[in-house]
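K.L.:
Starting from the structure of chain P, add chain G where the hints point.
Listed here are the chains, written in short residue letters.
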Amino acid sequence: MAAQTELISTDAAIQDLRSRSLGSLTLRRLFKQRNAILGMCILLVLLLLAIFAPIIAPYDPELVLIDIEDVARREKPCIHLLGCPADRPQHIMGIDGNFRDQFSRVIYGTRVSLFIGLSTIGIAVVVGAVIGAVSGYSGGWVDNIIMRFMDVILAFPSFLLAIAIITVLGPGLQNALYAIATVNIPIFARLVRSSVLSLKEQEFVQSSRALGASHARLLFARIFPNALPTLIVQSSLSIASAILEAAALSFLGLGAQPPTPEWGTMLGSERNQVFTSPHLVFLPGLAIMITVLAFNLLGDGLRDALDPRLVQIAKTK
Amino acid sequence: MSRYVIRRVLLAIPVIFGILVVTFAIARLIPGDPCHSALGEHATAEACAAFDERFGLNKSIPVQLGIYVRDILIRRDFGVSIRFSIPVSELLIQRLPVTLELGTAAMLLAILIGIPAGIISAVKRNSAADVATMVGANIGVSMPVYWLGLMLAFVFAVLLKDTPFSLPPSGRLTAGLLPPPFYEVWGWQLTQDSTSFLIADFLSNFAIFNSIITGQWEILKDALVHLILPAAALSTIPLAIIARITRSSMLDVLGREYVRAARAKGVIERRVVLKHAFRNALLPVVTVIGLQTGTLFAGAVLTESIFGFSGVGRALFDAITGRDYPIIQAFTVVIAIGYVFINLLVDISYGFIDPRIKMS
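Residue numbers (the numbering used here), protein chains in the order written: chain P, 95 to 411; chain G, 3 to 362.
Isolated chain P (complex conformation) (with noise of 0.2 Å):
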């Protein structure tokens, strides 16, 4: 009996410091943020709606219902709990003007932007983490050349950036995902470089270097790990910003192209029937908002939980 409490009570002690590690910790920290727990409910719903969309949106998004059912083109919404009558078709977003069910189209729509923020922002990380590594940690005039080049793209006003890769590219969404990438690059590779900058003199990585590590090993299990949670962070906020840019993309034509169920798309083709039918243009417009809002307060609270002199001072006050 003595010896069953001692392992438990053993086990206890290594769950407990298990419990410590960074990981652990932050994510304790991050369950005790409103807004970051805000932030992945709401996320938590776009993304079951992206997945289940097949069986949640009543329609096809691309089908267009002028011979099928006896709807008006750009009828306002027809909710049968609100009164509409029961022989009318429910239609809870009402009918765009291609005569397509909006509600289904802005529910596919949470696929699009998710895809377009996650696969922009996956980009820009992996290639900005790339360039800022071997910038930070060969120095020299190789960092200097790299590091004076993502400066001038720095220069320019991101979106407008965006808009002159695309006049190259060719508008299109997979064009306007890759000019997003491009114009994120510049932040990863700086935040990445920063990073390798302080932690290559740092004990823990002279040591590995003394006992013979290889760069790559020095780089990738070493210094890598340690600027993981400022490059979540920023992830978290670009993604944001990836998002909202893609839209606008889009809703000036450039970005994703219709009948895409895009957001920004539906938004600009409709953009000039705002005064008659408001609700074409007000929904997607709030399936943007309620997307970003997400990420942005997910990034936030990240912020919060991962940097604990923030923590400290939130402590002491």
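Quick caveat, the hints were computed from the structure, so don't treat them as lab data. Careful: at least some of the hints might be erroneous.
To be verified - Capping the alpha-carbon separation at 27 Å, the derived lysine-lysine pairs in DSS-like fashion look like this: (1) Lys277(G) <-> Lys267(G); (2) Lys163(G) <-> Lys170(P); (3) Lys126(G) <-> Lys267(G); (4) Lys126(G) <-> Lys163(G); (5) Lys277(G) <-> Lys126(G); (6) Lys126(G) <-> Lys126(P).
As the list claims (entries may be wrong) - So these bits of chain G aren't anywhere near chain P, every CB distance computed over 12 Å: (7) Arg30; (8) Pro146; (9) Glu220.
Unchecked claim - Derived, one-sided and incomplete: chain P residues facing chain G with beta-carbon distance under 10 Å: (10) Asn129; (11) Pro148; (12) Ile149; (13) Ile240; (14) Phe243; (15) Pro378; (16) Thr385.
The C-beta atom is built at its ideal place from N, Cα and C for all residues, glycine as well.
P.N.:
Quick look at chain G alone, frame taken from chain P:
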């Protein structure tokens, strides 16, 4: 101080050169050759040779780059618009003031509301005002500008129509209103295309400035009323970001010892906040204001096309849809250089805000 300023200016030169190289490269990377896109698909070889000769396209790439840089920096020649067949610089003289006016109004709104909101938020931490400001700021940074613009237009022009709060949803002035430029009102004799005429013309395109100096109060009122909605839409993101950064910077400073010392020696709270804390919290706020001018220019492309403002942003939008490459290229250069210039001013202002910086 002057050494600090000179160093900052010198550091901006390679960046401006880089911007010119990037925009030059972008223009050369556009698919299709310039001759056929300008003269049409059936342009003959001789016509194309003459075209290439005229625009220097038969020279080597470095020489072309040299010509490009010289034209922009020394001759202020930005090429000719494909669609309008007028020099791009002429278009800039007409359009830039509109955007500058809109951008300035939006930035003023953002600063005048954002900074006080941030300070109040920090001083009364966790109060209802703080929570409201932060919720508002979070929503503000997440909103698509063009969506907010359209919604504002709908609310103020349709829902509030025939009420005192009704506002015009488009245009810069009421249609048909053509205010005479100040140089005509004052009877200046200027020769067309002279530098003084160009400068006067540029200045007179600032509708608000022009109506104030000539005392045309009706037009001033009309211009201001038309400016409210676009400026409000354009200011949301900078406003939200300024409020957030002011709050976090103030929170940081208010916890410092010199603030405690000021309180301990009995300085009144108002003075502690505004003089001791705010001045020290200003640096990140100014940085963010500089960086947000970039957002303003980008937002202008969207806001101007929604509110029918014929500014640089609208011209850029039209140029994109009409594939008018010289305009896209020229406006990108002008906006990027303007952005570098504003951030240069911000850098220089650091030296005044925090004298320690210019020492190091």
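K.L.:
Confirm or reject each hint.
P.N.:
Structure-based check of all given hints:
1. Note on Lys277(G) and Lys267(G): the hinted pairing holds, with a Cα-Cα distance of about 15 Å set against a maximum of 27 Å.
2. Proximity of Lys163(G) to Lys170(P) is assessed by CA-CA distance (about 21 Å); at most 27 Å being required, the pair is judged to hold.
3. A distance of roughly 22 Å separates the Cα atoms of Lys126(G) and Lys267(G); the hinted pair therefore holds under the 27 Å criterion.
4. Distance check on the hinted pair: Lys126(G) and Lys163(G) sit about 38 Å apart at the alpha-carbon level, beyond 27 Å; violated.
5. Straight-line distance between C-alpha atoms of Lys277(G) and Lys126(G) comes to about 17 Å, which keeps the hinted pair within the 27 Å bound.
6. Proposed proximity of Lys126(G) and Lys126(P) is supported: the alpha carbons are some 22 Å apart, at most 27 Å.
7. Distance check for Arg30(G) against chain P: the nearest CB is about 9 Å away, which does not clear 12 Å, and the non-interface claim fails.
8. With a least beta-carbon separation of about 5 Å from chain P, Pro146(G) fails to lie farther than 12 Å from that chain, contradicting its non-interface assignment.
9. A cut-off of 12 Å between C-beta atoms confirms that Glu220(G) is not in contact with chain P; the least separation is 27 Å.
10. At a threshold of 10 Å, the smallest CB-CB gap from Asn129(P) to chain G is about 8 Å, leaving the interface hint in force.
11. Among the interface hints, the one on Pro148(P) is violated; its C-beta lies about 27 Å from the nearest C-beta in chain G, farther than the 10 Å criterion.
12. Annotation: interface hint on Ile149(P) violated; nearest CB of chain G at approximately 28 Å, more than 10 Å.
13. Hint status for Ile240(P) relative to chain G: violated, with the closest Cβ pair at about 13 Å, above 10 Å.
14. With its C-beta approaching chain G no nearer than about 7 Å, Phe243(P) sits inside the 10 Å limit, and its interface hint holds.
15. This hint holds: Pro378(P) has a C-beta 8 Å from the nearest C-beta of chain G, less than the 10 Å allowed.
16. For Thr385(P), the interface hint holds, since its Cβ comes within 10 Å of a Cβ in chain G; the closest pair sits about 8 Å apart.
Comparing the model with each numbered hint stated earlier shows that hints 4, 7, 8, 11, 12 and 13 do not hold.
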